[in-house]
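> Sequence:
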Amino acid sequence: MNPAAIESHLKMVLLQWFLIVVAAYYFGRAAKRLGQPLAVGEIVAGLVLGPSLFGWLWPEAFASIWIPETQGSLQLLGKIGIILLVFQVGMEFDFGHLRSGSKTVTAVSALGMLAPFLAGLAIGPWLHRNFAPQVSYIGFQAFICVALSISALPILGRILLEYRLERTTLGVTSISAAAIDDVAGWVLLAGITSLVTTGFDWRGMLWQLFGTVSLFTLLMLLVGPWLRERWRQSSAAQGTPLPRSFLALLLAALFASALATNVLGIFSIFGAFLLGVALHQEAGLVKAWRDRFSDFVLVALVPIFFTNTGLRTALGALSSPVAWIGCGLVLLAAVTGKLGGCYLGARLTGESWRSAASIAALMNTRALMGLIAINVGADLGLLPRDVFTMFVIMALATTAMTGPLLSLWLPPELRIQPGSPAALPQSPHGLRPAAAPPMP
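Residues in the sequence shown are numbered from 1 upward in steps of one, following this note's numbering.
Just so you know, not all the hints are guaranteed correct.
Straight-line Cα separation of at most 25 Å, DMTMM-like style, residue types lysine to aspartate or glutamate; simulated pairs [to be verified]:
no., residue 1, residue 2
1, Lys103, Glu7
2, Lys103, Glu413
3, Lys32, Asp291
4, Lys79, Asp379
5, Lys11, Glu69
6, Lys287, Glu229
7, Lys79, Glu413
8, Lys79, Glu69
9, Lys32, Asp295
10, Lys11, Glu60
11, Lys79, Glu229
Note that these hints are calculated values from the structure, not bench results.
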């Protein structure tokens, strides 16, 4: 590509990036004023900028701005943002939640995975027959079940802070159950990725899983401790929380981890998440990374991912009554499976109906993790455009309904009273801020 062509390409990418950042900012703030996570507004921004509205109202302008030649560049920027984001999610993951011996946590997490999984088995054959007959049935069915079962731990943590529930029994139960489901969801998603990318060759899949487990072991036992020790030494010697020399090592380790899982045949985000988990014990390093990079990643890069999800979503793809029936079935399976399963698990272990319903409402949100899973399914070729649209609508709806349901069902003694102090400040997309107290 000659310099003039590169400059022309860059001009269009910058124009698209400008539109995404501006639209994500205003729609995200509008969503926040309505009590919704920023991610909801950013996906809506993508729907507005994409074929669902802008392309429908002004097709000529849409075609001149969102040109096919820049789609790869835009998706690349979004994927880099998600790699950095899931690295931070891994670092901020609190594994103390997984050690809970609560019967309620165990029952809620188990039934919160099992019930939507069974709902996915119930609707999967009909969805495959009507919308994805050209896709492998096993891969499609497995992905449907996981996408319906996953929860969104970062958004749930943000909602707990907003409602000042982070130190209540209800809040601890919810975050602990979601943590278990999150880990299970990532493991299942990695397994499905291995299964599909190896062409359903079980030997190849086992090799990929062995490689992933070996990488995780290497990161936890060698790389993670070595990086943490180097950080302590360099930060103490140079008197700065994130020295440039150490930052080079950290980024090299991050890129190498992402590259390793990519070479293994599964997505780069898994390697980034594993390295983040290997570093999660070093609270000072986590805070230094957040202070240096979190705002840029969340403002400049992550909106590309969320908005690009909206751009990939065409509501016009649901052009028939059967397609809208399918969308309704996906939403019904997601909501009844997660809400019903978690509510039943909490009630069986002695929770009141209000507490059980509130826990279920919190667990029902899909948001960030659900959208990452949906995009993975699309990249694997498991989700045709109409099915992709159905699942994006499901992720949006389950996230948007969490606040209203929680306000309706929350026990009276846990409600924020009018005129009470504002909720603790938090960063966008549910990542825990530096000032937030640790979860119990």
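> Going through the numbered hints above, which ones does this structure break? Give me the numbers in ascending order.
The structure breaks hints 1, 7 and 11; every other hint is satisfied.
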